[in-house]
Amino acid sequence: MSLKTQAVMSLFLSANFSGTLSYIFNNFIEDRAFSEVVREAKNAGYTEPDPRDDLSGMDVDRKVIILARESGLRPELSDIQVDSLVPEPLKSSASAEEFLRCLPEFDQEVAKKRLDAEAAGEVLRYVGVVDVVQNKE
1 MSLKTQAVMS
11 LFLSANFSGT
21 LSYIFNNFIE
31 DRAFSEVVRE
41 AKNAGYTEPD
51 PRDDLSGMDV
61 DRKVIILARE
71 SGLRPELSDI
81 QVDSLVPEPL
91 KSSASAEEFL
101 RCLPEFDQEV
111 AKKRLDAEAA
121 GEVLRYVGVV
131 DVVQNKE
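In terms of the UniProt record's numbering, the sequence shown is residues 1 to 137.
Please keep in mind that the hints were generated in silico from the structure rather than gathered at the bench. All the pointers check out, no bait thrown in.
Dumping the calculated DSS-like pairs for lysine-lysine here, alpha-carbon to alpha-carbon at most 30 Å:
hint	residue 1	residue 2
1	K113	K63
2	K63	K112
3	K113	K42
4	K91	K63
5	K91	K112
6	K113	K91
7	K42	K112
8	K42	K91
9	K63	K42
My request is simple: use the sequences and hints to build the entire structure.
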């Protein structure tokens, strides 16, 4: 059975499409700062040269588009809701190093999301979703 056949038979597809974001969220635990884990991923060579390229969600977005199209949908990039992990004030940072230098200012904000998820018995993950029945990505 091909992937296309399996996708058409499915009603709802959800997956983690980014090894980088998987690494970051698998290691963003306990008392580790988000910025520390992002820098660690960059130093290990897991991120793009500019981590904002991974954290923006656009790579996952493109993969969701491909999967949706293989499922018979016809979405465009503008049809997809993307939740960027890049804090708004840092989107215009001049360089990757400037971004990484300023990212710790937002550690508490991201830590709160993690703590809220943990309080609900959940974990933070970055997943792409295609709902074939509802025709949504």
